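Position chain S against the provided structure of chain G, taking the given hints into account.
Line by line, the protein sequences give chains G and S. Mapping of the first sequence onto UniProt numbering: position 269 corresponds to residue 269, and the numbering continues sequentially without gaps. Mapping of the second sequence onto UniProt numbering: position 288 corresponds to residue 288, and the numbering continues sequentially without gaps.
Treat the hints with care, as some may be off.
Any copy, or any two copies together, can satisfy a pair, since identical chains are not distinguished.
Result set (DSS-like, lysine-lysine): computed pairs, CA atoms no more than 30 Å apart in a straight line [as the list claims (entries may be wrong)]:
#1 Lys331 with Lys263
#2 Lys22 with Lys385
#3 Lys227 with Lys263
#4 Lys297 with Lys102
#5 Lys155 with Lys211
#6 Lys439 with Lys174
#7 Lys263 with Lys363
#8 Lys297 with Lys155
#9 Lys297 with Lys211
#10 Lys102 with Lys227
#11 Lys207 with Lys102
#12 Lys424 with Lys331
#13 Lys227 with Lys297
#14 Lys155 with Lys289
#15 Lys155 with Lys102
#16 Lys289 with Lys227
#17 Lys424 with Lys211
#18 Lys207 with Lys155
#19 Lys23 with Lys263
#20 Lys439 with Lys102
#21 Lys227 with Lys331
#22 Lys207 with Lys439
These aren't lab readings, by the way, just hints derived from the structure by calculation. Everything numeric in this text was worked out from a predicted model, so none of it was measured.
The residues making up each chain are set out below.
Number of protein chains: 2
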Amino acid sequence: MISPDLTNQFLAIVDPARWLDKKEQLFCYAYDAFVEESMPEAVVFPETTEEVSQILALASAHQLPVTARGAGTSVCGAPIPARHGLVICFSQMDRIIEINTKDRYIIVEPGVVNADLQAALAPDRFFFPPDPGSMNMSTIGGNIAQNAGGPRCLKYGVTLDYILGLEVALASGKVITFGSKNIKDVTGYKLAALFCGSEGTLGLVTKAILKVVPVPETVKTIMATFKDLDDTATAVTDIIGSGILPAAMELMDQLTLNAIEDKAGLGLDREAAGTLLIEVDGMAEACDKQIRLILEKLHAHHAVHIQEAGTASDRERLWTARRSAYGVFAKLAPDIISEDVTVPVSRVPEMVRRIIQIADRHKLRVGILAHAGDGNMHPMIPADKSNAEEWERVMAVFDEIFRAAADLEGTLSGEHGIGLAKAKYLPLVMDPGTIDFMKTIKQAVDPDGILNPGKFV
Amino acid sequence: MISPDLTNQFLAIVDPARWLDKKEQLFCYAYDAFVEESMPEAVVFPETTEEVSQILALASAHQLPVTARGAGTSVCGAPIPARHGLVICFSQMDRIIEINTKDRYIIVEPGVVNADLQAALAPDRFFFPPDPGSMNMSTIGGNIAQNAGGPRCLKYGVTLDYILGLEVALASGKVITFGSKNIKDVTGYKLAALFCGSEGTLGLVTKAILKVVPVPETVKTIMATFKDLDDTATAVTDIIGSGILPAAMELMDQLTLNAIEDKAGLGLDREAAGTLLIEVDGMAEACDKQIRLILEKLHAHHAVHIQEAGTASDRERLWTARRSAYGVFAKLAPDIISEDVTVPVSRVPEMVRRIIQIADRHKLRVGILAHAGDGNMHPMIPADKSNAEEWERVMAVFDEIFRAAADLEGTLSGEHGIGLAKAKYLPLVMDPGTIDFMKTIKQAVDPDGILNPGKFV
Numbered sequence: 001m002i003s004p005d006l007t008n009q010f011l012a013i014v015d016p017a018r019w020l021d022k023k024e025q026l027f028c029y030a031y032d033a034f035v036e037e038s039m040p041e042a043v044v045f046p047e048t049t050e051e052v053s054q055i056l057a058l059a060s061a062h063q064l065p066v067t068a069r070g071a072g073t074s075v076c077g078a079p080i081p082a083r084h085g086l087v088i089c090f091s092q093m094d095r096i097i098e099i100n101t102k103d104r105y106i107i108v109e110p111g112v113v114n115a116d117l118q119a120a121l122a123p124d125r126f127f128f129p130p131d132p133g134s135m136n137m138s139t140i141g142g143n144i145a146q147n148a149g150g151p152r153c154l155k156y157g158v159t160l161d162y163i164l165g166l167e168v169a170l171a172s173g174k175v176i177t178f179g180s181k182n183i184k185d186v187t188g189y190k191l192a193a194l195f196c197g198s199e200g201t202l203g204l205v206t207k208a209i210l211k212v213v214p215v216p217e218t219v220k221t222i223m224a225t226f227k228d229l230d231d232t233a234t235a236v237t238d239i240i241g242s243g244i245l246p247a248a249m250e251l252m253d254q255l256t257l258n259a260i261e262d263k264a265g266l267g268l269d270r271e272a273a274g275t276l277l278i279e280v281d282g283m284a285e286a287c288d289k290q291i292r293l294i295l296e297k298l299h300a301h302h303a304v305h306i307q308e309a310g311t312a313s314d315r316e317r318l319w320t321a322r323r324s325a326y327g328v329f330a331k332l333a334p335d336i337i338s339e340d341v342t343v344p345v346s347r348v349p350e351m352v353r354r355i356i357q358i359a360d361r362h363k364l365r366v367g368i369l370a371h372a373g374d375g376n377m378h379p380m381i382p383a384d385k386s387n388a389e390e391w392e393r394v395m396a397v398f399d400e401i402f403r404a405a406a407d408l409e410g411t412l413s414g415e416h417g418i419g420l421a422k423a424k425y426l427p428l429v430m431d432p433g434t435i436d437f438m439k440t441i442k443q444a445v446d447p448d449g450i451l452n453p454g455k456f457v
Numbered sequence: 001m002i003s004p005d006l007t008n009q010f011l012a013i014v015d016p017a018r019w020l021d022k023k024e025q026l027f028c029y030a031y032d033a034f035v036e037e038s039m040p041e042a043v044v045f046p047e048t049t050e051e052v053s054q055i056l057a058l059a060s061a062h063q064l065p066v067t068a069r070g071a072g073t074s075v076c077g078a079p080i081p082a083r084h085g086l087v088i089c090f091s092q093m094d095r096i097i098e099i100n101t102k103d104r105y106i107i108v109e110p111g112v113v114n115a116d117l118q119a120a121l122a123p124d125r126f127f128f129p130p131d132p133g134s135m136n137m138s139t140i141g142g143n144i145a146q147n148a149g150g151p152r153c154l155k156y157g158v159t160l161d162y163i164l165g166l167e168v169a170l171a172s173g174k175v176i177t178f179g180s181k182n183i184k185d186v187t188g189y190k191l192a193a194l195f196c197g198s199e200g201t202l203g204l205v206t207k208a209i210l211k212v213v214p215v216p217e218t219v220k221t222i223m224a225t226f227k228d229l230d231d232t233a234t235a236v237t238d239i240i241g242s243g244i245l246p247a248a249m250e251l252m253d254q255l256t257l258n259a260i261e262d263k264a265g266l267g268l269d270r271e272a273a274g275t276l277l278i279e280v281d282g283m284a285e286a287c288d289k290q291i292r293l294i295l296e297k298l299h300a301h302h303a304v305h306i307q308e309a310g311t312a313s314d315r316e317r318l319w320t321a322r323r324s325a326y327g328v329f330a331k332l333a334p335d336i337i338s339e340d341v342t343v344p345v346s347r348v349p350e351m352v353r354r355i356i357q358i359a360d361r362h363k364l365r366v367g368i369l370a371h372a373g374d375g376n377m378h379p380m381i382p383a384d385k386s387n388a389e390e391w392e393r394v395m396a397v398f399d400e401i402f403r404a405a406a407d408l409e410g411t412l413s414g415e416h417g418i419g420l421a422k423a424k425y426l427p428l429v430m431d432p433g434t435i436d437f438m439k440t441i442k443q444a445v446d447p448d449g450i451l452n453p454g455k456f457v
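Chain G extracted, bound-state conformation (with noise of 0.2 Å):
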């Protein structure tokens, strides 16, 4: 609880404007793009390193429950502070502190969009490669926290891969940086990895040493349909097992592809069962050959028609069909729930058969969308939490859907995390010894459990 004399001591550390604690300012904070919710008590906006250790310190002297939050976008509850308590948002400390292009490196403060980071590299021609669905509202310091991924990280890797060197708050307020500016750097433990994923549990990420990468010579972009959605799987595990490593290769199925298509009227083939969208970068004699082998891998697994984004325009308007499935789909009923299991890519098409199985025989619309490269699918399902009888069928499904991917040798997650919605699948994938030493870190690290509790660990 936060008593009128802790707030004041809080307010000691930061501005009134930047603390609210007024029940209808504390609604926003309560959810993400998951289905739960739980209040916070209050909502502290620090804009330094010192305000977010002074913050800690003093949460850490009352066992006061912390919850990191960037824009609120995850989809697994990781910023639902489901034990109450400080939620800490950090949409105001998202100053871009260095970009050094020529090391490849950027240095930014958690509270920077995704695409601001982006933007700011532009001009040098570089990139930072993850690219979640959120990434034009999503911050770097959730990216971090739950390790985020996107279509692009079929060639170029997770958040992880990205990150050069960290400095994290821990519970006690402490301060630690580790890592540094080099791209090679096996100084010690490597601490980012045991940060980045952890979902808040662990510390708080407050400046972020990320690697950046040049931006390809050429991109070029293709859209594929096929009447049969096992020939779409098949078409990718053939593609990724040839050798080919396209820089995304996305699937939807007839009902994602439909729901876009009654939205967007982007002219997209109703009767296809299965989507291909495949891209490729790099060099442009090495694009085009590229395209070549793939084009005859989708002419041998029957696709009907091959559309190539001619120019940028072109290419938008693909992205665009599949960048938007998220959000249409939300709009078929009140609610959505889109799930991220992981399998090995050869299990793709087995994935998707039950998938499909498993929804007919609870009689619910699932709409398919994959990172299929990478053998990372999202099911989604739109229902009605209020409708009790359905929202225990959606259950019903997800318990199936973990299960098969469990059965396949795939596993629960492969970019949204475990937040609040699956913590309880972990030993499904995870042996209870695991489990244990998770939470003996976590015990270590926070013995007083007040970051993000009520959580995976």
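Then chain S, alone, in the frame of chain G:
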């Protein structure tokens, strides 16, 4: 101390043929490729995870120091049993358990030699990118413990980037597994990264799931020589800064080149102050174009002589020169220290100048070998440890080199690790709070401190 009674208990776990405790046997396990040594009391060669687990549980019960060992090729003293006790040598756990290039992974035991893993992947035209200089001898377990790099890590990243999952035996003997066969997996903390690079201080890897990648269609290799070492280094920063990312970019100075030429008679240009070995890979057309762009840069920086490897055996010859440098250099004196400082790539020219100045001032020969595209530099000093006065100067040189690297925002190690060699220099690049934090982790995971005691944490 390992009493006769304790020995008998170990011999109830492993066959006596896999237990060494005679002084003449133990000598071989007292050192690695660094210059110090410390005798173990016994060496055991487990064949299974179960045996490793039982050995650790017994060692734990007797608070016996345990140091893991692969092939002993470390150049930082990581596998030297500084506090004596037991060495667990993984050379008998060398099975390749599964190769699945369709899903881009391989599962191996820790004793598999890096080159054997490469050979096993070759028929599928896949490879495992980390290629430390020791790859023909060093084991995957050691590569993971040290987060090993190598020339082609410039383009492909280091060992950590290729770990999908691990099985680890903890100090208690408890075995945990984490990660999966999935390329993308954010289920729980990224524990692989905690163990990779921890130099055997947190747990012992007993099995690894590693990501593998397709062999590129084409490889092109060129060697360029320069009259001026500064031109050599600035050519590197200019090429990297322009956005070209070769697979490897190795720099050698005149002393190193002449040492190789003395030994191998490859017809290298003895007058060259600096030499670059540059390799690009990918699709043939892209390689040609990259080479063209690189040649322009090399000419702009006054390269004197450029030699392109026309055939596989030409390429082999160029790499033989590079790969033999350490061995040849090691023969110039009874002892050698090869260091591993790293600086942001734009600082490479300055760092090269400083290394030479420092060595000159102390009247010592220094050879420079660098993964220059990464800013990762290996200054090598051949000397005689039994000559106390000379050895003092060697230590003084490295002391100044570490300080120079820190001064240029570099770090102590790019790929060799800290081990015994550099523990005392950690405070140069890491604040006391971060060192304390590593100790907190160490204490939580190995409360009795039996794993590789006497090292950097």
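Hint by hint, here is what the structure shows:
1. Lys331 with Lys263: Classified as within: same-chain Cα gap 10 Å, cross-chain 73 Å, threshold 30 Å.
2. Lys22 with Lys385: Within one copy only: 27 Å inside a chain, 71 Å across chains, cut-off 30 Å.
3. Lys227 with Lys263: within (22 Å within a copy, 65 Å between copies)
4. Lys297 with Lys102: between (39 Å within a copy, 15 Å between copies)
5. Lys155 with Lys211: Answer is both; intra-copy 15 Å and inter-copy 13 Å each pass.
6. Lys439 with Lys174: both (21 Å within a copy, 15 Å between copies)
7. Lys263 with Lys363: within (24 Å within a copy, 76 Å between copies)
8. Lys297 with Lys155: both (19 Å within a copy, 27 Å between copies)
9. Lys297 with Lys211: between (34 Å within a copy, 24 Å between copies)
10. Lys102 with Lys227: between (48 Å within a copy, 25 Å between copies)
11. Lys207 with Lys102: Classified as within; 20 Å inside a copy, 39 Å across copies.
12. Lys424 with Lys331: Within one copy only: 28 Å inside a chain, 60 Å across chains, cut-off 30 Å.
13. Lys227 with Lys297: So Lys227 and Lys297 pass the 30 Å test inside one copy only (15 Å; across, 50 Å).
14. Lys155 with Lys289: both (17 Å within a copy, 21 Å between copies)
15. Lys155 with Lys102: Both: 22 Å inside a copy, 16 Å across copies.
16. Lys289 with Lys227: within (26 Å within a copy, 39 Å between copies)
17. Lys424 with Lys211: between (34 Å within a copy, 28 Å between copies)
18. Lys207 with Lys155: For Lys207 and Lys155, the Cα distance is within 30 Å both inside one copy (26 Å) and across copies (26 Å).
19. Lys23 with Lys263: Cα proximity of Lys23 and Lys263: none, with 36 Å in one copy and 79 Å across.
20. Lys439 with Lys102: neither (41 Å within a copy, 35 Å between copies)
21. Lys227 with Lys331: Within one copy, since 26 Å is at most 30 Å while 67 Å is not.
22. Lys207 with Lys439: The answer is both: 26 Å in one copy and 23 Å across copies each meet 30 Å.
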